[in-house]
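Residue numbers (the numbering used here), protein chains in the order written: chain V, 2 to 265; chain R, 9 to 286; chain F, 479 to 744.
Just so you know, the hints here were simulated from the structure itself, not pulled from any lab data. In this text, a Cβ means the ideal position worked out from N, Cα and C, and glycines have one as well. You may find that some hints are simply not true.
[Said to hold, decoys possible] Pulled a few chain V residues facing chain R out of the computed Cβ check, cut under 8 Å:
{"hint": "1", "residue": "Met59"}
{"hint": "2", "residue": "Arg60"}
{"hint": "3", "residue": "Gly88"}
{"hint": "4", "residue": "Thr89"}
{"hint": "5", "residue": "Gln90"}
{"hint": "6", "residue": "Thr186"}
{"hint": "7", "residue": "Gly213"}
{"hint": "8", "residue": "Leu251"}
{"hint": "9", "residue": "Glu257"}
[To be verified] Output of the computed footprint for chain R on chain F, the stretches with three or more beta carbons under 8 Å from beta carbons of chain R:
{"hint": "10", "stretch": "642 to 650"}
{"hint": "11", "stretch": "674 to 680"}
Residue-level listing of the chains:
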Amino acid sequence: MRVEPLLAVKDLSLRRADGAPVLRDLRFEVGRGEILGVVGQSGSGKSQLLLSLLGLAMRGATLSGSAKFGAQELVGASEGALRRLRGTQIAMLFQDPLLSWNPYLRIGIQLAEVLRMRGIDAAAARTRACRALADVDLAEPERVLRQYPHELSGGMRQRAMLAMATLSTPALLLADEPTTALDPTTQRRVLQRMRVLREQGMSIVLVTHDLGVVAAVADRVLVLEHGVIVEQGEAARLLRAPAGEYTRTLLNAARELEGLSCLS
Amino acid sequence: MPVMTPAPAPPLLEARDLNVSVHVAHRWGTATQRVVLHGVNLCVHRGQTLAVVGESGAGKSTLVRALLRLQRPAAGQVLIDGQDLAILSPSELRAQRRRIQIVFQDPIASLNPALTVLELVTDPLRPGAGAIGTALKEKALEQLQTVGLGAEYLGRRAAELSGGQAQRVAIARALITGPEMLICDEPVSALDLALRSQVLRLLAELQRQRSLALLLVTHDLHAARFLCERTLVLRRGAVVEQGVTTQLFARPAADYTRELLASMLSVDPGGRASRSVS
Amino acid sequence: MKVSLPRLSLLLLAGIALGALIVPWISPFDYYTPDWDHTSQGPQWQGGHLLGTDELGRDLLVRLMWGCRISLLVALAASFISLVIGVLWGVVAGYRGGRVDAVMMRVVDVLYSVPFTPFVVVLTVLFGRDLVLLFIAIGAVSWLDIARVVRAQTLGLKAREFITAAEVAGLPAVTIMRRHIVPNLIGVTLVCLTLTIPAIITTEAFLSYIGLGAQSPLTSLGVMLADGAAQMRARPLLLVLPATLLIALVYACNRLGDALRDRHAG
């Protein structure tokens, strides 16, 4: 018996306002409690993929095809329907922290807002927000709650974003380069947290250009080149024995970077 | 293999007991100073390579700014060739600064969008107004060649360049004054995977050829190990440990260094990856 | 060519400027010689005075176009002056920062609070009515806004990495300001300019209207408005024509400014 996937994408295509294709006929699935890594270089369209799923693609772009989240069709869905999903069932972790944080409100207020929307009272919301910050390994979570976004370092902001995204326990988390700005130790903690979330049943689509991240947490992998899926499959197998030319190029580049240090 | 050179005194660049704070603005005009670097001591001799690794955040970039005296330290000194930068006049400071050049993390942001590549690369050599003569143009071409770019790039602007190309232009610009030292602040982290090793190799080659002193600020430990014979570990603005890179990596003394090393990811299954994230 | 409001505005502006340039040149009439035989005539398509004459028999069309000439001249001259002063002031204040910035911007604040019309009145009393005086007076006030905008932009640019790169390269401050800051300000400054010009046109018209501007027989749109207002009952054309031109000029400039701003922001 086949278990229904959480997200089923079929023939998804995205065209810019001037007609240039950004994504072409994408077809993939995300199961429940699974981490899907989306790998590609700049210009591959990987960020646009995530944004389109939530109806946030660039202005004037046309999205076609199908992306079913459970029973809800995302492509062409009304703004109202998408808004109901955003932040509650599907959460997004943006690469650019400016998109996530309102610079005029304290962190605590913005975190609590996610819960207040669901009718949870202020005190309980604050406790949960505090716990969420502790879960992403932020020291002195109480203090962080009282701070403004600009008072945190880049790494702290990104971790707090992860806390915010997961606070409402969404079924699906779309994460765009969540660990790029982080140093190795913080990155490790964030990836550990993602593993925990996966154990708890959350599905994560993780966009990254870092194959090391993929090797560390992804169950399955999608390789994007110029908006086309050139290879997809189980992470371990793909990294061990890539079938596609492009994947092999990426893998070699990554190995070379690691291997460089062994030359000295 | 980076060249190991014997160290004559005084060091080319030295920081003594450097304390740097940043201004943190709060509401209603109250402001506090947040100490970002505490008592940092480091030195780089001619031809030596030093990596500064550790957490992301204010510490590392502030260190770079303080070393170039773009930011005044709250306490401590920065010395170039034994000369304290604090006592220099603005023009003397400018002259000293040219001996140490910098390559930034975001290549496109470090290039003036209004200028062509020719103007960008020759910028440090043109303190006054005036057209770019043939001699200067020759020099620019020469530099571009050493970073692997051809004459066709001269007329382009930053917006027309890819990340890798922009970074090469930035490196060419940094080298045109014939500096004795290059500070690289996360030189490859904004670049695609496929381009990173190229740029790192380029930097290593240039360091060898010109016996440049190199200060590499990064959180990529692979890059640190490849380029630098010595490494300094920074945590919360303080030096945790420093020493010869290979020794530091093999036998880290501090807990934080151990943690850093353990967090290095690898694409090979059974490598560090599965061990570190568990 | 696509028909759009900005393009129409550009055409309108070009048309008026062209008219102001050519009509006085090719017309057999001048703007100052009275013609007692043909005073206060209505528009005649045959007789030569296409729009008629004023109370002194001078051709209306030529006077209108001369009026435009003066208005546009003052606008361009004053805005050029204010551009140069404003950009220099703003870039130096923004780049230098610290005390220099504080002092320079306090000067701007003080000048801002000087009431404009009394200021021009005082100047006129001291130096008499003069067109050049008008340039100076208006230019002396309009540069303030530009300075503020340019300073804000400079502060933003200062934080960009390519400025740090130039400082590290050991370039002197003047060179950095000239080569790295100013060229990246042009977009914003142009937009600012397209907003200042209509303001200057209106200001000049106002000053001339209350009698402080161009001296007779020289005319500007403001002067013609004043004359027209006096004879409004008898000959409404004398008021309607300069008013329409003034409105057209100001509107066209504003519309163009909006379009440029949109383009720049996008």
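Run through the hints listed earlier and report the numbers of any the structure violates, in increasing order. 1, 2, 3, 4, 5 and 11
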